[in-house]
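Colleague: What follows is each chain in one-letter form.
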Amino acid sequence: MKIEMKGISKSFGKNEVLKDVNFTVKSGEVHALMGENGAGKSTLMNILTGLLDANGGEILVDGQPVKYHDALDAEHSGISFIHQEMNNFGEMTVLENMFLNHEIKNKFGILDMKKMRTQAQKVLQRLDVDIPLNVPIGTLSVGTQQMIEIAKSLMNDTKILILDEPSAALSEKEIDSLFDIIRGLKKQGVGMIYISHRMQEIFEITDQITVMRDGLTVASYATADVDVHQIIKDMVGRDLSDFYPDRNPKYGETRLEVDHFTSKGVFEDVSFSVKAGEILAFSGLMGAGRTEIMRAIFGIDRHDSGTIKINGKEVNLKSPYDSIKHSVGFLTEDRKDEGLILDASIANNIDLPSIDGFVKHGVIDQKADNDFVEMLIKRLTVKATSREDLAGDLSGGNQQKVVLAKWVGSGSQVLILDEPTRGVDVGAKREIYDLMNELTDRGVAIIMISSDLQEVLGFSDRIAVVYEGHLNGEIATKDATQENVMTLATGGKLDE
Amino acid sequence: MNNTTETKAKGSFDFGKFISKLGPLVALIVLAIIVSVLNTSFLGINNIMNLLQQVSINALIAFGMQFVILTGGIDLSVGSILALSGAITAQLIVSGVSPIVAFLIGVACGAVFGALNGVLIAYGGAAPFIVTLATMSVYRGLTYVLTNGNPITGAKMNDSFSFQFLGQGYLFGIPFQVYLMVLGFAVFYVLMHKTTFGRKTFAIGGNEKAAFVAGVKTKHILIWIYVIAGFLAAVAGMVLTSQLGSAQPDAGTSYEMDAIAAVVLGGTSLAGGKGKMSGTLIGALIIGVLNNGMNLLGISSFFQQIVKGIVILVAVLLDRKQAKN
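Chains as they are written, first to last, in the numbering used here: chain R, 1 to 496; chain C, 1 to 325.
Excised from the complex, chain C in its bound form (with noise of 0.2 Å):
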């Protein structure tokens, strides 16, 4: 009689389990033909490479953005670390510096911004919530004095091709950025899903206190992951930064939201404990598609947030219908 069930299971197609697991691709692909049938320019090279552009950034952010969900956190001030990591490298170049110790002092920044979060957050207790939009605002305040309030630009800036490649070049047709994000995303896949790490990133959103039990050094684990998502922002920044040739103080504002809006679109929880990276990079995306086909169509950029906001609501809506069956 087991038997019996047991082919039938097999037998029959699951269509809870399969939406679920491919739900967001699914989403993205009808996006992508919905847009590219009202606009054909949607599919040119072109655009193409222009859209991936822009979401590589959102992307990388997201990529760190995820680890911190994953442990039932949050980090709001990405967009803040993004913009003063952009600054400082800036101004590094204004001053003479060469562009790759330049670049480098602006991701361990980057990475030393988050591990003071993680360090308040792990050892403070505060909540993550709390932490980050403190910290949002002193990076941001931070960028602010350091600038001056006016943007970070210089012949420097624009004659380094090294600098300027990171955000302007192309390789083999396709903007560097993208090789970027590709990179990212196979190094933080690897690291999310087949190392121990990763497993333990899982374990602490499952259940900190049991993490903790089981041996899982979870503080040590926690400032780690808020250094990765401090030093993807940085990365994001050295990239926008090259892109506009200059450092905008108010570079950044609200990525944030945009790299939460991935990771959630891509079918991870908030709650912690549950996720893929690929589905945070489908998540990056959809986000990239939306935004792109709405210019394409010519949709006022007023209508657009509220589009992107009722989109997101549909799609965690139906995560958590999928979750309650």
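Just chain R, with the same shape it has in the complex (with noise of 0.2 Å):
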């Protein structure tokens, strides 16, 4: 199977979304589609499944042209979308999960477990993965939910596998298996296009990498042809010389130190410190517990020993509220879950830990707490109409520079960013990391966890690596390599 997209423009009222988009993908072939936030990668996705009308162009299949009216439409011509964002349902087992909306009942209209089962156990065995059908889907984990998710696609005959972001919250071992799947599945024939951000993944897993640029598609490339510095500047539009900015720290006092930190099961007897103007970094795999370490730090979870101290002097941190007044902030791994009040205004999301400060005769002053604001949307840029737009409309890294100016207004002088620049566009990236350096300059104390080994080599002081819970090691950024950080954090130890 070959699909050609030819020309293909789309339009919402007045935004032009996209202009002349060609890309082609065919069997056997995993092919990268690639762009920043707002390039039009889904958009034209979309398109070619259904759920949108191109305003020009065409779609051809084997060279025969086409037209999908919606999403099942395109899967019964061999077409199937794996959303970055799966809908289960939790409760139900992967076999109901797996036939919901395509029961087999038998004359009766009775359910026909049994045919079910042996249909499942089929395409389980197709990609190669062993997976109990009668446990209730929530209890297996993204990855694993993910592969139900492919198997799911596979039952209806799939020539041509999109998949968005499909590694974005998987584990590395899970990407490990989810790659065995995709070359599995090109070798049976199947062809992929594949979305995401992480340079490294795209390198290792595809054949060909097309970017779009402002609704054009920029380049297309055999992946073998190309490098990662060629691809960042396809997708920006100039050349980043340097990804990364670079690191001029100048150390203050200790800022935050942690000992002995333990919660029982989760993590145990945890101890570093970070000083000011420093960026100590938390790599390790994704469930060692690093998140758990910092929101058992912040006061979100509880601990059961150790202790802490802020600027030298001992502190209970029962809750945010107790570390928001010891002037630590929390940038939460899932901005939507945590981060944001989508249905809140920009405004009413930077203000609230701040709030109590804006007090004056018992009322809320409403222009001093404006002007608050509109400080911090003009030094984090943050791209919108007013303050008053909700934060559910605003992009990934609008949404994300709204969380840190949260924390920036509250006077954060420890700073804990889980994930800062995950689902954040390059051009976003860059702007965060700027950001960091001036918080840093100005001495505050940054904590980044980061599951991208790249930024963590590429734009941090330390590194401290976690392992099943514990510290497993610290490594200054300048003697650290992608080995070594690998290694402690997968439980080995470094050599001297």
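Calculated from the structure, these hints are not laboratory results.
As the structure is a computational prediction, the values presented were derived from the model and not from experiment.
Each hint should be verified, as a subset may be incorrect.
Claimed, not checked - The following label-pair restraints were derived from C-beta to C-beta distances:
#	chain 1	residue 1	chain 2	residue 2	range
1	R	K173	C	L270	47 to 57 Å
2	R	D334	C	G141	23 to 33 Å
3	C	F303	R	G138	44 to 54 Å
What the hints assert, rightly or not - To give an idea of the interface, some chain R residues facing chain C are shown, with a C-beta separation under 10 Å as derived from the structure:
#	residue
4	K264
5	V266
6	S319
7	T332
8	D337
9	A344
10	N348
11	D351
12	P353
13	I355
14	V359
15	V363
16	Q366
17	A368
Cβ coordinates follow ideal geometry from the N, Cα and C atoms, glycine included.
Mind assembling these two chains? They're in different frames, but the hints should get you there.
Modeller: Here it is, written out as structure tokens:
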């Protein structure tokens, strides 16, 4: 099967999202579709799968023009779209989820469990994975759920599979399994469109790379003939000679000192400190306990023992309220779940941790509050028409800036950033790094949890590596390599 | 190019926005016009006063209910709190306690009943619907125990000028409880829209986890919100007891539904995080005009219930449609 999209254009109102896009994918090929957020990747895929109608251009399948009316239509023709956010019903079993809306019934209208089970097993075998069919799907890891999602699409005899950020929520190990599956499917002749921001993966798994920018396809290469710098240049439209800004830290006093911090069964005996002006990266595999340590420090979750000192003084941070009072800020991993009130305005998100400071005669001094919010919107270059725009309407990068504005505004001296650049496009990433530099120049201590090893190596001063709930080692970033961080992250020790 | 689109947006009349902003008010005015055309005595001063008197009690309860609903919760126990605190006050007055002291004890009890709801919800982690469904039954049961199932009344209650004034008195030709409603509106309007407490209430309703991470003492605020709901229900209970001159064991039955209806008609989202105090006042007035109008028009109380239900449904469906656009 070969799909050719030719001269595709699409506008929403006056907003021209796709101008003249050409994209080709064929059986047995893994084709990366890259571009910053807003470049038009999703729109293009939605047009391919019939979710949106194009204003111009044509789609040819094996040379014949086609037009799909909806996702089901596309699926029947062998094109499946695995969305970034899965729509599983956590309480229902794997089998029930796999056959939802496609249940096999016998002639009395009763579900034919046996037949469904056989079919499910057959397709899982094809992926060479072993997944129990009778457990609630919500009890399985995200990685496993994703495999089930892929299996589901294969039941429809998929020829072209679209994977939208499939690795975003997976652990390293799960990514390996995902790649095994992709390679297996490739051998079976399935073509795949792979959307991801992670350069490393793109170069590992794909055969072909097409880059989109501002609604145009700007370049298309065989993966073997191109390098990361060229791709970034194509995506951003300018030469990012240095993707990560330089670090020229000047350290001050120790801002945060954590000693023998323990939460039984979650993490044990964690001790570290971070100085004013420093960026301490927390690395480790997904599930190693990095996030859990930080949540307990900030007072979201409980801990059993251990002490925290801020600026040399021992403090008891029982809740985020206490932490904020001690000038600690925490950008959570999941900004939609814990970072933002999506239905509230940018202003009401930004000033929330600081709102108690704007009380005059018992009521909020609205003018002072507005000035404060405006100042932060400007300083963090949040792109919005006004401070009253809803946070939920912003792009990922701008949402992240709003969360950062919250913590910059609350005067954080210790700032914990959990995956600060996840789901953020290249341009906004750079702005976030620049802001982190500016903050450390002003004496803020930053702890950055990141699953992106390039980022950890490229933009930190020191790296603490967590393995199975304890600190397995610390390396100065200038001495660190991908290999020695991975050694520590997988439980090994570094030889002196 | 940007400029031209902006001016156009400003120049054109945004009907959707207008409706969502003024919808409840428009509905109230239209309703009032219809009723006054059908029955001219609707606009008579006596009838208006009567209407406002009826609205006051529901409005007071609804103000508290709105805080609860803004957090994404619900309080089904307000009707029972109204009855129980009314009975407590009546019992105290009948036993010779000074009416003012009895009044204060009554509203304090309402606040405590609300606090109990709040603690169970905030610390027990149970759903507000279930907790207040249970306490609705408990508080109603306590009312029956306290009153033995009979109204509490007595000469002392009708002799007490200060207590009687609450629900029967007039000031400058306007029933005293209307002043209470206006005062309640002013106080809680400021609390909701001008203070950090109000902002935190909206934040909890918008995203409780994010509010907690941003340093909002969510449990604290939740408890206070149920205290407010209980307190206002008790105040309404005082007014009703005074108006009737007795505490009825089944007073306030299903009042929670009228309060919820007022809040929803006023445009507050049951999911929490969105709403306006003025909307709730208008919502209470809409229900008041509906009740009053249908009485004037001689519509049987059986049909009144049907009409009220339909009005609420239509309002909510219109609101949903608006939200989708």
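Colleague: Can you name, in rising order, the numbers of the hints this structure does not satisfy?
Modeller: Structure breaks hints 1, 2, 4, 5, 17.
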